[in-house]
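**Q** In order, the protein sequence lines correspond to chains A and B.
As numbered in this note's numbering, residues 1 to 641 make up the first sequence, in order.
As numbered in this note's numbering, residues 642 to 1248 make up the second sequence, in order.
Each hint should be verified, as a subset may be incorrect.
What the hints assert, rightly or not - Calculated pairs, DSS-like style, for lysine-lysine (alpha carbon to alpha carbon, straight line, at most 25 Å): (1) B:Lys1012 - B:Lys1049; (2) A:Lys232 - B:Lys1049; (3) B:Lys1116 - A:Lys208.
Unchecked claim - If you want a taste of the chain A side facing chain B, the calculated C-beta under 7 Å gives, among others: (4) Val161; (5) Val168; (6) Leu191.
In case anyone wonders, no lab produced these hints; they're calculated from the structure.
For each residue, glycine too, the CB sits at the ideal point set by N, CA and C.
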Amino acid sequence: MNSLPVLSHLPSDILAIILSKLPSSSDTKSFRLACKSFHGVDLVHRRSLRVLRPEFLTTLLTKFPHIHTLDLSVCPPLDDVAVSALVELTESTRGVKRLIMSRLAGLSPSGLEGLVRVCGGLEVADVSYWCGFGDRMAFALSCAEGLRELRMDKCLGVSDVGLAKIAVGCGKLEKLSLKWCLEISDLGIELLSKKCVHLKFLDISYLKVTSESLRFIGNMQKLEELAMVGLKLVDDIGLHFLGKGCPSLKAIDVSRCINVSSSGLFSIIRGHHSLLQLNAGYNFFEISTTVLHWFKDLKNLKTIRLDGARVSDSSLQIISTNCRFLAEIGLSKCRCVTDECIVQLVSGCVTLKILDLTCCNALTDLAIAAITDSCRNLLCLKLESCSLLTEKSLDSLGLRCLLLEELDLTDCSGVNDKGLNYLSNCSELVCLKLGLCTNISDKGLSYIASNCSKILELDLYRCLGIGDDGLAALSSGCKKLKKLNLSYCTEVTDLGMKSLSRLEELSDLEMRSLSNITGAGLSVLAAGCERLSELDLKHCENITDLGFWDLAYYSRNLRQINLCNCAISDVGLCMLMVNLTCLQDAKLVSLKNVSVNGFELALRACCMRLKKVKLLGCLKFQLSSQILEYLWARGCRIRWD
Amino acid sequence: MNNSYLYGFFLTRKAAKRWTKACMTGGGREKEHGMNLFVFGLCTSESDIKMDLKNRQCPDTWANPSSSMNESPKKVPPDLPSFTNFSLHKWDDPSILDYNTRIEQENWDQRMGGQDRPVNETRDSTSTLDWDPRIGSQVRPVNETLDSNRTQDWDPRMGSQDRLMNETRDSSRTQDWDPRMMLTNLSFLEDKIHHLQDLVHTIVGRRSQVVGPTTDELRVQQQQLITADLTSIIVQLISTAGSLLPSVKHSLSSLNPSASQLGHLGQLGGVIVPSDSAPNGSGPPPLPPSLPPQNNYINKVEDQSNGMIHLTGNRGPEQIYTVDEHESKDEEDAEEGENLPPGSYEILQLEKEEILAPHTHFCMICGKGFKRDANLRMHMRGHGDEYKTPAALAKPQKELGPEPILIKRYSCPYVGCKRNRDHKKFQPLKTILCVKNHYKRTHCDKSYTCSRCNTKKFSVLADLKTHEKHCGRDKWLCSCGTTFSRKDKLFGHIALFQGHTPAIPMDENKGLVDCGESSEAPKKVARLSFDFGSSGNGIQSGVDDDTSGFFSPLNFDTCSLGGFGEFPRPPFEDAESSMAFLISGSCNYSRKNGGELGSNGQEQMNE
């Protein structure tokens, strides 16, 4: 209390610096809630805004005049009215440079155009996964002339025409992602390559384009990064164009192009010696030695992924001796990856930070020992399904790889409590996956919990030995935990829920088939974990309506919920749907206690907000056409099970 | 079936094309043409088919001359002297004359016998003589064996009265049809066929007996005999069948294969003669009176023969060609901007009312239009006695008269129009049809609206019909208003021009993938009867305002204006569609310019 007057005398620019140094969003929240002057500093210096409720959009923008980033991705379906209200706020919206509209719904093309025009200096736009984003929307977006970055992933409605409009309208584009825009063909890519000459990053993954497109992409002088995952129609000829063209190419992802062979890869390598990233996963069964021989030219290579290929120790030796600066290597599902291979590899590449050895199930503790010996700076290690590993591996990891942040030990049956004890030395761990490790118990988890306080994500899927005690330890140790998977940890009871309720940061909880959880457990959880936004309660059949009532009352931030096979009643469902004002995605299959009328009412209650709903197929004919039409009209997708 | 069958008998592609054109443009005439040609086809199919095939093998040698020659004697007066001069030159040489006469005779006989190789071999030399009346007389005996009536038609000395008689007799004969007569005819035919069959049998039998080489003379005689019999059978058969068809009755007189063959010879003659004559349209003025008698004679023969075919209703092949080429050439020239010296043609200017009247029949002399052909024929009587004959009244389309008439060109009555005769760079219109279409397209309101797209308007019904064939298919639209039927063409266009972007057609959303969900959504919201208070209404009103603002043609206009400044008239790839389908107000071109270009394109297409 004594320090407050001191702080209140600090000038606002110093406060701003302090604010900018705050590490997490919860800290910023505490900061702005401290006092009026702090709040004022926050208002002025706030750069990004994530809107949860469209009705507050206008007031928020008036309050925060210096917003750069406006994130509408978690906003319920936005309508044109909300946007038209922004027209008067030109001074606060003009500064918006980034507009995140991923998964947005409800906005009409004219509304989008209005929004884009209101944000005069728009440079970055993200419209990925926008259901119903088609050519007309693309037309509306194309009036943002200054656009430099655009993400259009899975905008299934955008065809060549829409792309052409954007290519002509937004000539300054530098980054463009067209992943999964399945309507786009060679014609669109051709025009894009001619009109957007400043493009540096391009993602055309999974498009139905042929090698012809790559011919035109080869003419793009400034292109540095190209992602072309899963282009089934592209063959070696296309890669040959790329090898001859694209003088600035730094990174390329040709994974899952099933018609590409070693010779295509060869022409790319030969053409681009300064390549930094190469992803050639799931393309060939064997990488020919001639291609590997050319790897010697790729001196600067930082990332290489050869997932699914057959590698030998000689080939990995070539890589390790030539690519000295390799930081990431992916060998997941590579056949014949033996301990010797890994020993060869890490002997040269000491700077490795990310190593993916998923499903290299011949690896033993020797390989891990070699890795930990050489690569002290390892950040991420994926060892899923390496079932021969024992606690010795974890020991060596805990001893030497102290910087490790991410570790995937899914389905490594050799992992036990002792191993976790060794591992707990890695105090920097952020993400730990222990799914299907049936040999671990509450004891093991408590080691981790006590030492690895930075963990944000923990996967305990089907860890049958985990019970309430483990969760109690977890909740006292890993206070920052955001994401937790407890599915099929059948020992967990309401007591565990009570411990979890102390995790204030928890936002994503998956707890399928926890039959020991009752309404009381859910009530406690809901009351404690305010930030819960995603909750999976599938097959939690013993949760009573009481629990759901409390969930409806407390979890105002809930965006996604899975209630499949729950015992929720008509009233409970309606209560949930009415009160969960942020709910956008609900899976409501096999609710045996809910009648058709219940569904109808519940859907009517939340139809303004829903973006996605999963229902039983037979309801298609039982629900009134009115509500279905309305949902459809609001841009809500209904998935019939 | 009829037409396709006929098509095979056109000697060259060009001739066939002209015929089809004539059928399309000729209105009521085509029916008669078609029927006559059909008959002609029947004749040739049996006896002349070989020759036709032969002729078709070498179409190049005479395809082009035929087009210039067949019409030149009638239409372009300057041609006549050159033609006659050439003939004169040929006739002056007695040796050629003799040779020709001899060959011709032999040739004719052989032709009747089905051996046509000599025809082709000697064609160059014989052809000049085909119109020699003496050949006609030589031919006559053959003709007489087939049909005694026919020779009269080919007698150049026959007077008009005779012809008239002939005509009336023909028609009277066909009018009273008797079934019993038919039966006797048929049984007679049957007998004849049996007779012929026996004859051939005996010939075959004799041939197999005599192993040694049979003399050519004998074979020729045999063939001659059989062919003559066959021909008469065919003629009888057709005349029997023809009496059943009222429309054939006029052409009955032309059934004689010899007549059609003569026609062919005429064709041949017409083809070869002008091949080295003076070029079309640059010769001296019409026939000076002081021409040598021989020349006059030839000329007269030619005219008379033509006239005769006319009057008897015989439309021999050569006449069809002349008719067709007449029209097609007229129109082609109009487009190419023929270099007729200003004084060499007569300019007619019809009044606006006359042009816009729904007339389809026009006087070839004064240009007056009529709704009905009969009225036109009545009108034609005022132009001279030659139109007063019953024959002229029956067949009105042909401009007649032995003296060549002056070329007619037409002027648009709209002052200031380039097609108006007072314009500095006056370009006359070729036909009355051209005048009509030009005037409607350029100076009239576009009253026909496409019912499908509701945007494109036309003043000529045919244009609308042409558009309707493509309407909806040109779904690829550029911001400059150009439409394309293919997406890659649109993209090529966009890639080429700075600032051009694809546009979404305003009339329909075809070809665009999204529209459904996003654009229809607000309407649906409004339609639903949920009570969501003000927000629902707000959605509706807000959207309605916005859509009109953001998706108006004006909007596209503003985007593309800059680009248009740089390219005042981009060379569109498909000029026809691009110019004709400009969306009003969506581009920078002056309206008139676009319209004019469009109408030109259309004219070309129609013709």
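**Q** Would you mind marking each hint as holding or not holding in the structure?
**A** How the hints compare with the structure:
Distance hint between B:Lys1012 and B:Lys1049 is fulfilled; the C-alpha atoms sit about 21 Å from each other, no more than 25 Å. Taking the CA atoms of A:Lys232 and B:Lys1049, the gap is near 67 Å; set against the 25 Å cutoff, the hint is violated. Distance restraint check for B:Lys1116 and A:Lys208: the Cα-Cα separation of roughly 22 Å lies within the 25 Å cut-off, and the hinted pair is therefore satisfied. Residue-level restraint check for A:Val161 holds (minimum Cβ-Cβ distance to chain B is 4 Å; threshold 7 Å).
Annotation: interface hint on A:Val168 holds; nearest CB of chain B at approximately 4 Å, less than 7 Å. For A:Leu191, the interface hint holds, since its Cβ comes within 7 Å of a Cβ in chain B; the closest pair sits about 5 Å apart.
This entry does not satisfy hint 2, going by the numbered hints stated previously; all others are met.
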